Each structure stands twice: as C-alpha cells, then as structure tokens.
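Number of protein chains: 2
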Amino acid sequence: MEKLGKQTVKFNTPPTIFETASIVGPKEAEGPLADYFDKCLEDEFWGESTWEKAESKIIKETVNTAIAKSGIASDEIDYCFAGDLLNQCISSSFGLRELNIPFFGIFGACSTFVESLCLASVFLEAGAGKNILCAASSHFCSAEKQFRFPLELGNQRPPSSQWTVTGSGAAIVTKNGTGPFITHITPGKIVDMGIKDANNMGAAMAPAALDTLITHFKDTGRNPSYYDVIFTGDLGYVGKEILIEMSETKGYQIKNNYNDCGVLIFDKENQDTHSGGSGCACIGSVFSGYIFNQMKAKKYKKVLLIATGALTNSTTVQQGESIPGIAHAASIEL
Amino acid sequence: MEKLGKQTVKFNTPPTIFETASIVGPKEAEGPLADYFDKCLEDEFWGESTWEKAESKIIKETVNTAIAKSGIASDEIDYCFAGDLLNQCISSSFGLRELNIPFFGIFGACSTFVESLCLASVFLEAGAGKNILCAASSHFCSAEKQFRFPLELGNQRPPSSQWTVTGSGAAIVTKNGTGPFITHITPGKIVDMGIKDANNMGAAMAPAALDTLITHFKDTGRNPSYYDVIFTGDLGYVGKEILIEMSETKGYQIKNNYNDCGVLIFDKENQDTHSGGSGCACIGSVFSGYIFNQMKAKKYKKVLLIATGALTNSTTVQQGESIPGIAHAASIEL
Numbered sequence: 027m028e029k030l031g032k033q034t035v036k037f038n039t040p041p042t043i044f045e046t047a048s049i050v051g052p053k054e055a056e057g058p059l060a061d062y063f064d065k066c067l068e069d070e071f072w073g074e075s076t077w078e079k080a081e082s083k084i085i086k087e088t089v090n091t092a093i094a095k096s097g098i099a100s101d102e103i104d105y106c107f108a109g110d111l112l113n114q115c116i117s118s119s120f121g122l123r124e125l126n127i128p129f130f131g132i133f134g135a136c137s138t139f140v141e142s143l144c145l146a147s148v149f150l151e152a153g154a155g156k157n158i159l160c161a162a163s164s165h166f167c168s169a170e171k172q173f174r175f176p177l178e179l180g181n182q183r184p185p186s187s188q189w190t191v192t193g194s195g196a197a198i199v200t201k202n203g204t205g206p207f208i209t210h211i212t213p214g215k216i217v218d219m220g221i222k223d224a225n226n227m228g229a230a231m232a233p234a235a236l237d238t239l240i241t242h243f244k245d246t247g248r249n250p251s252y253y254d255v256i257f258t259g260d261l262g263y264v265g266k267e268i269l270i271e272m273s274e275t276k277g278y279q280i281k282n283n284y285n286d287c288g289v290l291i292f293d294k295e296n297q298d299t300h301s302g303g304s305g306c307a308c309i310g311s312v313f314s315g316y317i318f319n320q321m322k323a324k325k326y327k328k329v330l331l332i333a334t335g336a337l338t339n340s341t342t343v344q345q346g347e348s349i350p351g352i353a354h355a356a357s358i359e360l
Numbered sequence: 027m028e029k030l031g032k033q034t035v036k037f038n039t040p041p042t043i044f045e046t047a048s049i050v051g052p053k054e055a056e057g058p059l060a061d062y063f064d065k066c067l068e069d070e071f072w073g074e075s076t077w078e079k080a081e082s083k084i085i086k087e088t089v090n091t092a093i094a095k096s097g098i099a100s101d102e103i104d105y106c107f108a109g110d111l112l113n114q115c116i117s118s119s120f121g122l123r124e125l126n127i128p129f130f131g132i133f134g135a136c137s138t139f140v141e142s143l144c145l146a147s148v149f150l151e152a153g154a155g156k157n158i159l160c161a162a163s164s165h166f167c168s169a170e171k172q173f174r175f176p177l178e179l180g181n182q183r184p185p186s187s188q189w190t191v192t193g194s195g196a197a198i199v200t201k202n203g204t205g206p207f208i209t210h211i212t213p214g215k216i217v218d219m220g221i222k223d224a225n226n227m228g229a230a231m232a233p234a235a236l237d238t239l240i241t242h243f244k245d246t247g248r249n250p251s252y253y254d255v256i257f258t259g260d261l262g263y264v265g266k267e268i269l270i271e272m273s274e275t276k277g278y279q280i281k282n283n284y285n286d287c288g289v290l291i292f293d294k295e296n297q298d299t300h301s302g303g304s305g306c307a308c309i310g311s312v313f314s315g316y317i318f319n320q321m322k323a324k325k326y327k328k329v330l331l332i333a334t335g336a337l338t339n340s341t342t343v344q345q346g347e348s349i350p351g352i353a354h355a356a357s358i359e360l
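Those protein sequences? They're chains D and Z, same order as listed. Residue numbers for the first sequence follow the working numbering, so the first one is 27 and each next one is one higher. Residue numbers for the second sequence follow the working numbering, so the first one is 27 and each next one is one higher.
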C-alpha cells in the first residue's frame, strides 16, 4: 500500500467486498429501500424480551446471513471488526459472542461501519488474513432510551432530529476477489465546531464530513465528478445541505452526485422521520443492501462512502459539552 | 507478516515501542509502582468540574507527554488508536479532539490498550504509516458511577471486586526503531463461560485469558518458560489464581513467571483494593510506566502482554446476562 498525502492510503492489490447482508426493522421496511434488504422485521423486539437483546439478535443474524451468502466457512474468517451505539458496544459483543472468530471491538459512533472497512482493508493488504467480517448495528428503541428520553414519554422531536435506524449491515471483505474493490481509505480526524444541540447531529457531524471529503480529494488528486455517487452516512436533510454549502465555499461542487444514506432510507413525506435516518445501521444497511446491489449490477462503478459519527453521550450533553464529529471515507470501485 | 496457526501474526520487521507515558491518580500514587509513572495526581478531579472531564484531561496530557518525550512532531504521527471505559468512549474522543491526527476509536473494555498495540503493529508493518499513537484511560470515580453505584452511597465492596485504576497509558509505536519490538500478536475471541457476578470480573475474564494464552503458545510453538514474564491486564488476585490453575490443567505451568498488572499496581495489605486493580489504565499505565522501563533497562527481554476485557455494561447485568470476556496478546521482545 501507499500513503497519499497526509491521510489517505491507496491499496496496490485492493481488497474485495465479497458479500454483504442487511436486516432492518419495521419502519425501515416501510421506506423506499425495503426491497434491497435481506430481511425486514415485523416488530422491534423480534421475539426477545428487551430492545438490547433484539439488537444483539439483529447483528448476529445479519452476520450469519452474510457468512451463509458468501459460502465462506466461518473458520476461514480471520477477524471480525464490529461495533454499535450501545454503552460498551454490547450489541456487538453479546450478539457475536458465539462467533468464535478473533474480535476487534471498535467505536466510531455512526461511522463504525466504514471504520471497520478501513481496518479490514489494511489488515488484508498487509497479509494478516484472507477474509474479514465487518459489522455494525443500531436500534431506534435502545438508542432513544439511552441517548435521549424514555420512549414511553412520547416527547416531541424537533425538525432537525434524526431517526435511529433499527438494523444491521455486515460485509465480508476478502484479500482476493473480483470487486467491488476498496481502492483507497481516508480515515478522519475528530472535528468539533462547537455544536451543542443533541437534536441536531447533522450539523455537528457535517464539518467532520467536509474535512474528510476535502482531504480525500486533495490526497488523491480526484474531484467530485470522479465518482458516480458520493454517499455520506447519516447527515440527514439538515447536515446534507450544510455539507453541500460548505463544500461549495471550498471550491468543490458535490450537489449533482451526492446523497446521504439517512435521506435515502426513509420517506420524508410519509414517515415522520424529520431530518432522516441515523445510527450505525444507517450507512451499514444502506450500503450492504442498496449500494452494494447497485455496484454488483454495475449501475454505480465508483462510489465514495463517507460514514459520519457524533462522538458524544448523554452525560457530556448534560455537562454542557459540544459534540465532536468524525468521518471515515472509503473509495469503492469496480 | 506471517500468519502462525489460526490466530497469531508474526511480524517480519517488527515495529518498535518507541516511547510511552503514564499518568495516574492519587491512590495509584500510594501504590508500589508510583516511582515509574510520569505524573501522579493529587486528587481525582485535577482541577476539572467533573470526573469525566478529569479523565479526558488525563488521557490528553498522557498523550501529550508521550509525544513530547518521543521528540516526534505530532504531525508526523499517522494515526491514533484509543479507547476507554466510559459510555461511547467519551474520555478518548473529548480528550483527544484537539489532536488533529486521524483517529480510530476502539473498544475492548480493559483490553483496549493491547488492542491498540495489535492494530498499530499491523498498520506499521503494512506500510500504512510510520508512527502511531496508542492510548487508553480509566477513572475510578467515573467508572464506579457508571457501572455500579453512586460513590456517595459508600456501599460495601465484596472481596472479589476490583478497583478501577485512575490514569492513562500511551505508547508511540514506530515502523523503525531499536525496540522493544512487538514481534507477535494474538488477537482474542470473545469467551463467555456464564459468570454473572459484576463484582467478580477476574473470574469472568480468566477463561478468555486462558484461551488467548494457550492459542498463543500453540500458534508460536513457544511455552511459558520462553518469556521472562507473562503479564495479564487486570485479572486481579482472584482471576490470577484461576488462570494459573486452568493453565495447569491444560499442561502449561505459568506460576513461576506470571503476574497480573492489577495485582502489581496496589498494595493488597494497606490499600483496601480487595482483588486488585482493573480498568483500561491498569495494564495501560503499568506497561507504559513499569514494564516498558524494565525492558529499556534490559531487566526483562521477553514479555508476553495479555490484556483482558469484560464486554459488559450495567444494563446487561440488570437484564440477567452473563459477562463475555476477551483477551488480546502481544509478544514484546528486545
């Protein structure tokens, strides 16, 4: 591999995203991308007694589906990189505790899925293994309860708030394969522009997305038109507009080929999700369901995936802290 | 690099642990290793208004100390791998938000420090960078409050309970250098033997330590006597005894050259810490302070570092779940 500029790694023998899987909840099943997911649940519990156990089951079954679809034996998978939004990443560790694969827990908030792709691709090109499992999950109910208010309160949500996606995305990345290839990664820095509104995560994360986006273009010498589509993770409607405007002031026009997974996953008119989707499962399930499908069908040949995360918790919000953001990018090409 | 057996990576040009730093709290300053730490705090707040902000300051200043001691300019550091015990790893993300270095958040509970060494060493031998910062922190007060009871309750602690270390350890790992070298890593699997007692983390984590220990010996063909010392992260007195016994039943005698960082950091007779220390900062500060110092002085030439983590939170304990453990190993040699 080769380091380009300050932050980007270019792979000489790029790893392949060999197979993906996605499972989502009932609200996502009513959204415009429902047909692309492997499974849509009928309720948020999926037969479990708590939302936390349901989320663990979702990531577990998503990972099992990815392994089954790939045809790769699970003892041929060298490592698992996984994480989620729950305190101490419990949906990953409980959901995947029977997996029997060396496990690296990661936390990048909603950027976790692309963080896992970044780590996996370096490990694979380095020769540390041949097949690596990447996974991330989130759950509306377990996240709302943990980060904001008890759901039973039924409190109002401001227009800038986003709706945590219930679901999981998983990918099996392999050293050898015929693509889609992870050709470059641009891991992001923590960026904190002082936003303190926990109901406006899009605004808090957009500056981190901008920093990674522009760094990626500078490091690679590429410009926005190189890509068929640029996808951010979960900036939502509010953050998407901010990113388009800020990019323009920096000399990069992205509005013609840019979209956000949080905008895509729900129907703004009919689903009452305000600024759109969020959560680790947002870019996780949209990539593993929709985007990967479009690439396999050769409708998209060059995609820049920028997952964004808000590195905050309910205590820091109560203590009056601002919300640091981060964004990790992976260039995925046929 | 080369894969040995199922789980171990051997480095052909092993990365060097170039410099370390450690800062600890007032209780650790009264322990037997006080002289080895870069700084010992006089109180748990360090001038901040909350324990969470104090922990962020501790990891920030530990990282700044490591960078200053190394003489490496911070813009020459390619990545930072860091994590901690607080919900959503906030001490790392808030403490390191001004660092301006590409950041990978990781979560391995108390195994986080060695997890960061594992990831950094693969990245360095792969050529993804030249210098990588690894860091982890924990804080007795912020952890007790979050995982167990309000400190104000002053509740009794059972004999098997451990005392979360207040502090942080940081290491700068470099592609080139004269050692100590990270020669092998054995990343661990999640192991859950059904222990449910949140006041007996040593018992919950010992089976994971055993799994990684034996896998390391089998993969490398080494046996316990190869190492000058084998250190586990924070099994404490209870977990240490379990590991010695279980290893013996598997045919490995470790009691002559094995110790635990949680046993070393406090004085059992005079400090009322029951089963010993725990937390990300336990192996983090004991390695960065004491063990690294002993290796630089050539008192230890071959060390196996096995960090152990309990992948649990207060919700899973309340929901009656057991406590999955994990252990990551790194072989560090001159």
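Bear in mind the hints are in silico, worked out from the structure with no lab data behind them. Note that this is a predicted model, so its numbers are computed, not measured. Idealized CB from N, CA, C, for every residue including glycine. Treat the hints with care, since some could be wrong.
[Claimed, not checked] Straight-line distance between alpha carbons at most 27 Å, and here's what the computed DSSO-like set of lysine-lysine pairs gives:
hint	chain 1	residue 1	chain 2	residue 2
1	Z	Lys36	D	Lys29
2	D	Lys171	Z	Lys322
3	D	Lys156	Z	Lys32
4	D	Lys95	Z	Lys281
5	Z	Lys36	D	Lys156
6	D	Lys171	Z	Lys29
7	D	Lys36	Z	Lys29
[Claimed, not checked] Per the computed footprint, the stretches of chain D lying under chain Z, defined by three or more beta-carbons under 8 Å from a beta-carbon of chain Z, are:
hint	stretch
8	136-149
9	152-158
10	264-275
11	292-300
Okay, the hints, checked on the actual structure:
As the CA atoms of Lys36 (chain Z) and Lys29 (chain D) are separated by approximately 23 Å, the hinted pair is consistent with the 27 Å bound. Our distance criterion of 27 Å between C-alpha atoms is broken by Lys171 (chain D) and Lys322 (chain Z), whose separation comes to about 49 Å. Between Lys156 (chain D) and Lys32 (chain Z) the CA atoms are separated by roughly 12 Å; this keeps the pair inside 27 Å, and the hint holds. Proposed proximity of Lys95 (chain D) and Lys281 (chain Z) is contradicted: the alpha carbons are some 46 Å apart, above 27 Å.
The suggested pairing of Lys36 (chain Z) with Lys156 (chain D) holds, with an alpha-carbon distance near 15 Å, which does not exceed 27 Å. Our distance criterion of 27 Å between C-alpha atoms is broken by Lys171 (chain D) and Lys29 (chain Z), whose separation comes to about 43 Å. Proposed proximity of Lys36 (chain D) and Lys29 (chain Z) is supported: the alpha carbons are some 23 Å apart, at most 27 Å. For the stretch 136-149 of chain D, the stated coverage by chain Z holds: 5 residues have a C-beta nearer than 8 Å to a C-beta of that chain, and at least 3 were required.
Interface restraint, the stretch 152-158 of chain D with chain Z: holds (4 residues with C-beta to C-beta distance below 8 Å; minimum three). Chain Z is given as covering the stretch 264-275 of chain D, and this is violated because 0 residues of the stretch bring a CB closer than 8 Å to a CB of that chain, at least three being needed. Judged by the Cβ-Cβ criterion of 8 Å, the stretch 292-300 of chain D is not covered by chain Z as claimed, because only 0 of its residues qualify and three are needed.
This entry does not satisfy hints 2, 4, 6, 10 and 11, going by the numbered hints stated previously.
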